[in-house]
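Given these sequences and hints, build the entire structure.
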Amino acid sequence: MLRACRRLLRPGGRTAFHTIHPASGLTKAQRRRASRDGPVAVACPRPHRQLLEAAGFVAISETDLTTEFAVVTRAWTEQYAAHREDLVALLGAELFEERQADRSAQLGAIDAGVLRRTLFVATRPVGHWR
5 MLRACRRLLR PGGRTAFHTI HPASGLTKAQ RRRASRDGPV AVACPRPHRQ
55 LLEAAGFVAI SETDLTTEFA VVTRAWTEQY AAHREDLVAL LGAELFEERQ
105 ADRSAQLGAI DAGVLRRTLF VATRPVGHWR
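Going by this note's numbering, the sequence shown opens with residue 5, and the numbers climb by one from there.
Simulated from the structure, these hints should not be mistaken for laboratory data.
Just so it is clear, the structure is predicted and the values come from calculations on it, not from any experiment.
One thing to keep in mind: the hints can contain errors.
[As the list claims (entries may be wrong)] Computed beta-carbon distance windows for the label pairs:
{"#": "1", "residue 1": "V75", "residue 2": "P129", "range": "31 to 41 Å"}
{"#": "2", "residue 1": "D106", "residue 2": "R50", "range": "18 to 28 Å"}
{"#": "3", "residue 1": "V130", "residue 2": "R40", "range": "36 to 46 Å"}
All residues carry an ideal CB built from backbone N, CA and C; glycine is no exception.
Here's what the structure looks like:
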């Protein structure tokens, strides 16, 4: 998919995206936890920088947004709890509890240092038309 994105950009054009991923240097058990408690894309076996490089991008920058990720995840959890009655009426008790459990597990993984959120920005090289 990243190669297709690169082809769509004009030479010198940039792409940017946020992603949630495992922290670097994790043990196998920590990596399993990151995969279990994070979104599906966390299971990607290669770091995003490597994927961008393999797709032909250059001038790759990474901005760690994990602190903000934790703040937002905590706020979602708190606001869901504060509006429990209305959300249960809208979603049903089972889905409400499932979402709260998922957010709680994700927040635990963030606090344990196994999940990160990063903004990646990368450039299509000038002079490469394919």
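Taking the hints in turn, this is what the structure says about them:
1. V75 <-> P129: 31 to 41 Å: 36 Å, holds
2. D106 <-> R50: 18 to 28 Å: 25 Å, holds
3. V130 <-> R40: 36 to 46 Å: 42 Å, holds
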